[in-house]
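Q: Dock chains B and C against chain A, hints included.
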Amino acid sequence: MWQQMVDELPRFLSYYNLLFFAKALGVTFALSAIGCIVGFTLGFVLAAVRLSTRPALLPVRIGVQLVTELFRRIPFLVTLMLVFFIFQGLNADLSMFTVALISVCLIATAFIAEIVRSGMESVHQNQWDAAITLNFSYLQMLRLVIVPQAWKIILPPAFGFFVLFIKDTALASQIGVVELAFAGKTMNNKGFSATLVYGTVLVLYFMLSYPLARFGKYLEARLAPTRNR
Amino acid sequence: MPQLEIVDLKANYGAHTVLERINLSVEKGEIVSLIGPSGSGKSTLLRVLMGLLPPIGGEVRIDGQALDYRNRAQLRRIRSEMAIVFQQYNLFQNMTVLENVTVAPVKVKGRPRKEVEAYAIELLEKVGMGAKLGAYPDQLSGGQQQRVAIARALALQPAILLLDEVTAALDPELVNEVLDTVRLLAADGMTMFIVSHEMGFVREVSSKVVFMDAGHVVEVGGPRDLFDCPQEARTREFVGKILRH
Amino acid sequence: MQFDFTPVLDRLPYLIAGAWLSLQIAFLAFAFGMLIGLVGASIRAYGPNWARRVVGVYVVFFTNTPQLIQIFFIFFALPDAGVVLSPYQAVLIGMTLNAGAYLTEIQRAGFESVRRPELEAAETMGFSRIQTVRYVILPHIVRVLFPALSNQYILMTLGTSMAAVFGVEELTGRAYNINSETFRSIEVFSVAAVLYIVITLIATLSLAFVGKRFFRAKMRWF
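Protein sequence lines correspond, in order, to chains A, B and C. Take 5 as the starting number for the first sequence in our numbering and just add one per residue. Take 700 as the starting number for the second sequence in our numbering and just add one per residue. Take 4 as the starting number for the third sequence in our numbering and just add one per residue.
I should point out that these hints are in silico values taken from the structure, not numbers from a laboratory. Treat each hint with caution, since some may be false.
Stated by the list, open to error - Dumping the calculated DSSO-like pairs for lysine-lysine here, alpha-carbon to alpha-carbon at most 27 Å: (1) B/Lys831 <-> A/Lys156; (2) A/Lys156 <-> C/Lys221; (3) B/Lys806 <-> A/Lys156.
Just chain A, same shape as in the assembly (with noise of 0.2 Å):
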C-alpha cells in the first residue's frame, strides 16, 4: 500500500492537480466565510426582531422563532436536497455553488441568530431598563448600549460556529459543488490511491480549520476577563 502510494505520489502531486484541490479548498472556504457573514448580518436582524416588543410585530417574532429552531433540527444534507429540489420545481437555473451557498446561509443564520439572541439578553437587565427610561428608541437602545456590549459574548460561539461549519460544507459535494470533499472523490476516481487521496483531503481540511479553531480560542481567553456584575 505505501509502495503504491509513494509511486504516485509525482503524478499527484502535478500542478494541474495542485491547482484543482486549491481551487476547491477556496470553494469551501467561499461557502462557509460567506454563509458566516450572511449568516451573521441576518442572524442580527432576526435577533433584534426576536427581542423587540412591539406588539405589532408579534407574528413575525412567532414567525422567526419557529424558522431559526426548524433549521437547527433538520441535517445539512437534508435542507441541501430541499433547495436543491425547491429551485428545481420553480425551473430556476442555478448553479450548484448557488444553491449550496443558499442552504449555507439559511443554516448559518438559524444558528447565529440564536447565538446573537442569546448573547444580547445576556446583557444586564438594568442596562434595558435605564435605556427605556432615557428614553431610547428601540435601535438606539440596540446600538448604543447593548450590542456594544453584547458583541464580546457572541463573538467566541460565533466564531465556534465558522470553524464547525468549514466541515459542514464537505456535504455540499453531494449535489456536485467542487469543493474539498468532491476534489477528493474526483481524484479518486481517476484511479489515484483512497488512502492518498482522502489523507491529503483530511490534511488540507485541517490546515484550515485548526489556525482558525486557534484564533477562535486566543479570542475566547481574551474576551472572557471581562464580566461585569
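A: Chains B and C only, in chain A's frame:
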C-alpha cells in the same frame, strides 16, 4: 395645582397585585419620601410611574393632565418629564462618565453636542465628579457611579426626579457623598420622590413622608409627625422597629 | 408546482423505520464515544505526558476534519490496508471515533470543573476516596456535563443523515430511495425534515426533563 397626582393607582405583576388604591399628590418643589418594609411596593410605584410596569387601574396626572401609559408618544413625554435613578446605578458599561450623561440628550432629544457637553460637565462638577469625565463605570466606586447616575438623570432636565433606594447598594462610607448630592438638589427646589431606608435622612429632608405596606399607602404625614406620633398601628410598628437601632 | 404527498405518506412506516435506525446509530456511536471520552479525558487529566499528547493529537485531528471525510477514509482507504467494512460498519466506526474526540473534550471540561473547596470539605468530613468520587465528584460532573452531552447527542442524531451517502438505509437514505422511486422530491424531503424535527424535539424535551428532574442540571427546554 399639584405637579403630580396619583389617583387610585393599581398594578399587577402577573396574577399578583403589587399596588392598590394608591392616592398621592405632590406639589412643585416638594420632596416626598416613601418608606416601608421590603416588598411593600415602594420601588414598584416608581417603576410604574416611569412606565416600566404598566398600571392596570387608576390614573397618574402631571400638571392636571392625565397620562396614558399605553401610548408610545405619551410614554416618551412621561420619560422626559420624569427621570429615575436606580439602586444599581445602571450606568452604561460601554461608555465613559461624560458619554453616559450626554448620550440621552444628544441621541434621543437631538440637542447639539457642544451645548449638552457643557451642561453635562456643569452637572458632573455639581455632583463632584468633574475630575472623572473620561473614566469608565468599572473604574469607579459605587458612590461615584451613583453620583454620575444622578447627573445623567438631571441632564434631561426633568420636572420630577425619582430616586429608588439610591444608597442601598453602597458601602456605608459612601452613603453620605450621595446623600449630600441629594441635599443639594433639594435646596435647588427639585421635586423629588425618594424611596429610602435612610430614616435620618428622610426625616431631615422630606416635606412629606408616605408609609407603604403590602402594596397600599398606610399613612401620609409630615416627617416629624409620622416618625414621632404615627397614627396607624402598622406605622407605629414599623417606626418602632427601625428607630430602635 | 403540484404537490402530491400520497406516495410519500404511503411509505411513512418505511421512513419512520429509517428514523429509528438513525436513532440507533446515534445511540451506539454516542455510547461507545462516551467510553472513548471517559478514557481520553482521564488520560488528559491524570495520565503520563506521552499518553496525553497522543490523546491530544487524536482529539485535535478528529475535531478539525469533517466527519464525512473521516468516514470516506475508513470506507474507501482502509481496504487498501486490508480492512474492508460494510457501509454501516464504516459509518458507525467513523461516528464513534468522531464523537469520542468531542466527548473527550466535554468530559475533560467536566473533570476540570470539580472545585477544590468541595473536595476539601469532603476530606474534612471524613469521606474516603471512593466516597468522595461517588457523592461529590460524580454528581457534580454529571450535572455540569448533562447539557453539553445532550447537545452533542442531538447533533449526532442529525449527523447520522450523512450515512445516506454510503447507502445506509436510515432516514435520509430512505428518503433518497423514495425520491428515486417516486420523484416526489420536495414532498419526501419535507416529510423527512419534519421527522427529523420531531425526533430531535422529542429527544431535546426528554433530555431536558431527565436533566432537570434527576440531575438538577441547567437545561433549556428548547
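Q: Does each hint hold? Answer for all of them.
A: Hints versus structure:
Distance restraint check for B/Lys831 and A/Lys156: the Cα-Cα separation of roughly 25 Å lies within the 27 Å cut-off, and the hinted pair is therefore satisfied. Of the pairs offered as hints, the one joining A/Lys156 and C/Lys221 holds, with about 23 Å between alpha carbons and a cut-off of 27 Å not exceeded. A threshold of 27 Å between alpha carbons decides the hint, and for B/Lys806 with A/Lys156 the separation of about 24 Å falls inside it, so the pair holds.
Violation of the numbered hints given earlier is absent; every hint is satisfied by the structure.
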